[in-house]
Each structure stands twice: as C-alpha cells, then as structure tokens.
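> Single-letter residue listing:
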Amino acid sequence: MTDTTETDTRTVGSILSAAREARGFSQKEIADQLYLTPSFIEFIDADEAFKIPKQAFVKGYLRTYAKLVNLNGDLIVEKFNADAEQPAEIEVKAESTDTVAAIYFTGPVFKTGLIGLVTFIFVLLIVWYFSSGDEQDNTIAPVSLVEPQLNQEPQPNKQPQQNEIQTLQLASHQVNAGSEKNASENENSIALEAEGNANEMIETVNSLSSTPVSMEALKAQLLLAQQTSAVNVSLPDEPFSVNRELRDTTQYITVDAGGSDELRFVFSGECWLEIEDAEGTQVYADLGTEGNNLTILGSAPFKILFGNAPAVAMSFNGQAYALKSHISNDRTAKLRVGI
Amino acid sequence: MFKKLRGMFSNDLSIDLGTANTLIYVRDQGIVLNEPSVVAIRNNNNQKSVAAVGIDAKRMLGRTPGNITATRPLKDGVIANFQVTEKMLQHFIKKVHENSIIRPSPRVLVSVVCQATEVERRAIRESVISAGARDVRLIDEPMAAAIGAGLPVHEAVGTMVVDIGGGTTEIAVISLNGVVYAQSVRVGGDRFDESITAYVRRTQGSLIGDATAERIKQEIGTAFICEEVREIDVRGRNLAEGVPRSFTLNSNEILEALQEPLSVIVQAVKGALEKTPPELAADIAESGLVLTGGGSLLRGLDRLLADETGLPVIVAEDPLTCVARGGGRALEIMDGRGDIDFLTSY
Chain A
1 MTDTTETDTR
11 TVGSILSAAR
21 EARGFSQKEI
31 ADQLYLTPSF
41 IEFIDADEAF
51 KIPKQAFVKG
61 YLRTYAKLVN
71 LNGDLIVEKF
81 NADAEQPAEI
91 EVKAESTDTV
101 AAIYFTGPVF
111 KTGLIGLVTF
121 IFVLLIVWYF
131 SSGDEQDNTI
141 APVSLVEPQL
151 NQEPQPNKQP
161 QQNEIQTLQL
171 ASHQVNAGSE
181 KNASENENSI
191 ALEAEGNANE
201 MIETVNSLSS
211 TPVSMEALKA
221 QLLLAQQTSA
231 VNVSLPDEPF
241 SVNRELRDTT
251 QYITVDAGGS
261 DELRFVFSGE
271 CWLEIEDAEG
281 TQVYADLGTE
291 GNNLTILGSA
301 PFKILFGNAP
311 AVAMSFNGQA
321 YALKSHISND
331 RTAKLRVGI
Chain B
1001 MFKKLRGMFS
1011 NDLSIDLGTA
1021 NTLIYVRDQG
1031 IVLNEPSVVA
1041 IRNNNNQKSV
1051 AAVGIDAKRM
1061 LGRTPGNITA
1071 TRPLKDGVIA
1081 NFQVTEKMLQ
1091 HFIKKVHENS
1101 IIRPSPRVLV
1111 SVVCQATEVE
1121 RRAIRESVIS
1131 AGARDVRLID
1141 EPMAAAIGAG
1151 LPVHEAVGTM
1161 VVDIGGGTTE
1171 IAVISLNGVV
1181 YAQSVRVGGD
1191 RFDESITAYV
1201 RRTQGSLIGD
1211 ATAERIKQEI
1221 GTAFICEEVR
1231 EIDVRGRNLA
1241 EGVPRSFTLN
1251 SNEILEALQE
1261 PLSVIVQAVK
1271 GALEKTPPEL
1281 AADIAESGLV
1291 LTGGGSLLRG
1301 LDRLLADETG
1311 LPVIVAEDPL
1321 TCVARGGGRA
1331 LEIMDGRGDI
1341 DFLTSY
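Those protein sequences? They're chains A and B, same order as listed. If you read the first sequence in the working numbering, its first letter stands for residue 1, the second for the next number, and so on. If you read the second sequence in the working numbering, its first letter stands for residue 1001, the second for the next number, and so on.
Derived from the structure by calculation, the hints contain no laboratory data. The model shown is predicted, which means the values in this text are computed figures rather than measured ones. Fair warning: there could be bad hints in the mix.
To be verified - Some chain B residues flagged as far from chain A (calculated, every beta-carbon gap over 12 Å): (1) R1042; (2) N1067; (3) T1159; (4) E1227; (5) E1274; (6) A1316.
Claimed, not checked - BS3-like, lysine-lysine: derived pairs with alpha carbons at most 27 Å apart: (7) B:K1270 to B:K1075; (8) A:K54 to B:K1075; (9) A:K54 to A:K79; (10) A:K79 to A:K28; (11) A:K67 to B:K1270; (12) A:K67 to A:K28; (13) A:K51 to A:K67; (14) A:K54 to B:K1275; (15) A:K28 to A:K51; (16) A:K111 to B:K1094; (17) A:K111 to A:K79; (18) A:K303 to A:K324; (19) A:K67 to A:K54; (20) A:K28 to B:K1270; (21) B:K1075 to B:K1094.
C-beta: ideal position from N, C-alpha, C; glycine also.
Kindly produce the complete structure, drawing on both the sequences and the hints.
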C-alpha cells in the first residue's frame, strides 16, 4: 500500500492511474483483468466517473481497481466520496432534508399525536359548551322564580340583576303571547314573530330564524321556546308574597305561600336555602346571610335544601328542629318536614 | 389499541434473521445489535428455561454441562426450532428497547430466504408476532441486500446480488423492485468452517473447534491464489496422541480446503446466469454482480467469481450489515410511500 498522506492532494483518477503506470499496466489490461469495458477505466482515470452509466457500481469498480494496483480500496473510495461531495453538496443536502422532513411529518407518532390533540380539543369544547349552558340555567331560573315577588326594599347590590330579570320576564311573556298567536297563523309568520320578539333568553331561536333554515327546525326551536317560557311565566301567578323588613340589624323575611304551616329559619352565617311546598312548587330559593330571620308560611310537607346547614337554626310550627342528623359531609342537608 | 399506543414508544426494526448472526437495524440509529443466533437452554427436570442468548450463548457452544444445551434455532436460513426462535427474538427486541419503560411493540421487517416455503415464512411471521411485534413484514433477503448495497433496484435494469450468509448463499437477479430469478444453495460461512475443520483433521491429524476454524478463515482464508502467502499458528487436539498440539497453516492450504464449498457457489452463480433472461444478462454483463453478506469478506472471492464468470464483480460496502441496512431503508421507503411492492405480504 502506498503512502496516502502524499497522495491526498491529487484526485482519485490521478492516484489510480499513477499506481497503474507504476506497475506497468495499460488501461486495457486493467479492464481485462476486471472484466470491465476499457472506457470505464478511461473515465475513472480521467476523473469522469460520473459518465459510467450505473453510478451504484462506481465505488465497487474503484475498490477492485485499487486492489489490483495494490492500493487501499477503502481509502480510495473515501477520497472519491469526499471529492464527489464538494461540488454536489448543495443539491445533495436539499434532497436529503426534504426526504427526512417528509418522513418525519408522516410518521405514525405525528399522526397519532395530531388525532389525539384534535380529539382532546373537541372533547374540551363539548364539556365547556355543556357546562356553560348549565351555569346559565342555574343563575337565571331560581332568581326569576322568586324575585318577581319582591315588593319592597330591594337590596342595592341586586338592582342591576333585577332589571335584567324583568326584561327577561317581559321577553318570555312576549314569547308566550307570540306562541299563542302562532297556533292560528301560518309558518311564515312564526318566523317573523320569533324575529320580532328579539328574545335575549333564547338566542338560538333568533340566530336560527334570521338565517335560512328549514321550517321543521324552526318549529322545533319555537316549541322549545314555548315550553321554557311557559314554566317561567306560570310561576309568578302563584299566590304567595314576600315581605322584607329591616329592624335593628336583623332582616325579617316573610314568605306567604298560602298555608297554615310555619317554618322559621335563623341564619348565623351564609347559607343557600331552597324550599318546596306540598305541591312541589318552589316557595323560596335564595342566599341567606347572617342576621336574616326567615319565615315561610305554606302547606306541609316541605322539601328543604340547605347549602350550609350548620349556619341555620330551623323551627317547624314553633318547634325547634334538629338538623344535625341530616347534615352530610359537605355541610349540605336535604330533608322533608311535616310529613 | 394498546399495541398501537405502545408502538408509539417503540422503534421500527429491521431484523436480519440469519443462520449465524442476527442483526437488528433501528431507524435513525443504525445497526444496534449484532449477535450470534444462538440460544442456550437449561433443562431442569424437563422444565426448560433460557440460560443465555446471543454472544453469551455462543461462548457456551461446545462448553456446556449436561443440563444446558446451546442450540442454533435457525438452520439453512429458516426456522428449525419455533419456540427457541421466539425466545431469542423476544430477548433481542427487549435488548434493543432496553431504556424504555413500556413493553415494546415495534413494527418489524424481517428478511427471509427467497426459497423459503409458505410454511417457513409463516413460521417466521408467527414467531416474530409472539415475540411482541405489532406488525410484521417480510422481505426477500437478496432484495434487502441489494437495497442495502445501494443498487438501483427500482430501475428497469437487471442487477445480480450474491449474498453469502452463514448458512446459505442467495443468488438473485433483481429488476423493477422484484426478484426475477433467485436461487439459494445451502453453502455459506459455516460450510467454509466445516471444510477447514475437515481439512485440518485430514492433513494434520488434529481436531479443531468451530471457533478456531472461523478464526483461521477470517485471518488467512482466501479463495484465489495470492502473491503473498499468510500463515497462522493454531492449536488443536491431536487425534492419534490425544493431546493438544500446535501447528502452522498457510493461506494456500486453506485455499485448497475451501475448494469444495467455493465450487458450489461458483456453479450456482453460473447456473443463475444461464437462467437469467437475455436482456437482464446483458445488463449484468455490463455492470457486474455484487457480493454481500459476511462470506464476501473472504479474500479473493471477488477475483475468483470474476475469473469464473468473466463478469466484473464488486463487493458491497460493509457487506455484513447490508441486509439489515437494506431492510431499514425499505422501512423508510414504506413510510414515505405507503406500501411497496417488494414486500411479500404473506
């Protein structure tokens, strides 16, 4: 094997041809020994190996050629690679990064990850949609049941809420009235009526009726609107009144739901309270604060729900009622009284 | 479902399940495992358990006590012992995924001998699946070797690959991603070793082990008369005296020893050339045939084949790992392009 440090500056072709001549071989003789076409050897000697038709074989030819003239085939191939890379570097790089990127972005990991991400976002959206819908119902329904009965002394911090409720009520009345009319009118006027109502509470109806959708869908929405409004509107007709008065620091609230049984609550802290009477009508649903004194007149049995039961003392028809046994771990209590 | 999930944490593998050595190529990592296909089985009151796999097991070959047997589960390129092969693959796949917490479930590409029957292919597929693979594809060994050697397999040009493995020599003519003609002879590196052992017994009257025979082949083995004659000192047990003796062998003696297996390979290559369609034969005559596999590292083998066939013969770069690398490349092509036609689906 010849010294390679000396030959480093020369090209592969010149190294090989020099070694060949040193051993006294002609190109033809080399070609005969390797069973190659003489032109291939000419190309290699002239550093024009790219002219050989099958590039995959060139390195093999170089190796066998080098072996024949007693050179190290691996070193020659290494040098050939280094020489070949220099001019074609940019092209090769562009191609290689492209394929790598393509493989990377079509890999199973990437695909699965993408699908998983989309599914996760979808589920998140669904959960958010439904939970936000629930909250709306919760905030509007109990207040609209009770607040319309307020006669006096509206609490100042509840003022804006009350206004809102009144508009809501008005709107729902309109829906009710509109839906009664609808029965005798044709479908087109249903759409108009729904639009005219500009109902804030049922936004979906509005958005649907203003866009061209099928009549069946519209009808279904209106039916839904009728049902929801009917529930909300019928309640204020119940014959019970709320009376609030402030004496010293104690607020006395009396709710008269038209019955002979009396429930009395004394609040020593904040507690949410819901009471249903014998007919299943919600008589009271509000947050009681410290110092409140609540009296409910109605017909037993009552169904009562406490949000924070330890903060309330209850008496039924003048008799103290022990809540302790009903309080659950999360401080709530659910009970029936006067069965 | 869980297999798929686990698959995200495992790498795609290309396994060259050879008679002598098993190589595993991992995508983006290269060859990560190169171990002999040997399993040592411990037999305790008919309760069989795996004692060692791979290199550890190979060290036990011929040195085992009565209750341990070191076996090669593959023979002539196909599975000879189904359960042991499964255990071995399980061990290798686990070894490749050493640092992952989740049990691996990789996609595996296995190269099989061209001449393998449906039953043998199925056996390989089943054993790889029971070793924990998620998906198994089979590829013809010469095809993988050709891809690994960087040959233009997808072009309408004939190329001949001679893959000399441990147990078999595969000769295939490839064109347009397909094997046009294939032949395999059950001669490979192991047969070379056996021939050397037999020769030494005949001429020196001494018995040498497989490992020594392999060392002789690697160090001074040649297939063609060389100008420089190499020598090696070896020790073997003298058959007549029964004691270990040291003696010297030279490369010409080994050349003589290897004549018989080499002639089988040469005849097979000639036979393949005869049966190659003329257009492809013309292509091969122009560009030559390519040697891959560990056997092609035998000195002068390319010269021998070139002289015998009158065709240019080249040895692929890094011939030992050609098949495994080619399989890995095939996996990459598969990912880029979906399914590819050179994978056998059964």
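> Give a verdict on every hint.
Evaluated hints:
no.	hint	verdict
1	R1042	39 Å, holds
2	N1067	45 Å, holds
3	T1159	8 Å, violated
4	E1227	9 Å, violated
5	E1274	17 Å, holds
6	A1316	7 Å, violated
7	B:K1270 to B:K1075	25 Å, holds
8	A:K54 to B:K1075	36 Å, violated
9	A:K54 to A:K79	19 Å, holds
10	A:K79 to A:K28	24 Å, holds
11	A:K67 to B:K1270	24 Å, holds
12	A:K67 to A:K28	16 Å, holds
13	A:K51 to A:K67	22 Å, holds
14	A:K54 to B:K1275	23 Å, holds
15	A:K28 to A:K51	18 Å, holds
16	A:K111 to B:K1094	25 Å, holds
17	A:K111 to A:K79	41 Å, violated
18	A:K303 to A:K324	16 Å, holds
19	A:K67 to A:K54	21 Å, holds
20	A:K28 to B:K1270	25 Å, holds
21	B:K1075 to B:K1094	23 Å, holds
Violated hints, in rising order: 3, 4, 6, 8 and 17; the structure is consistent with all others.
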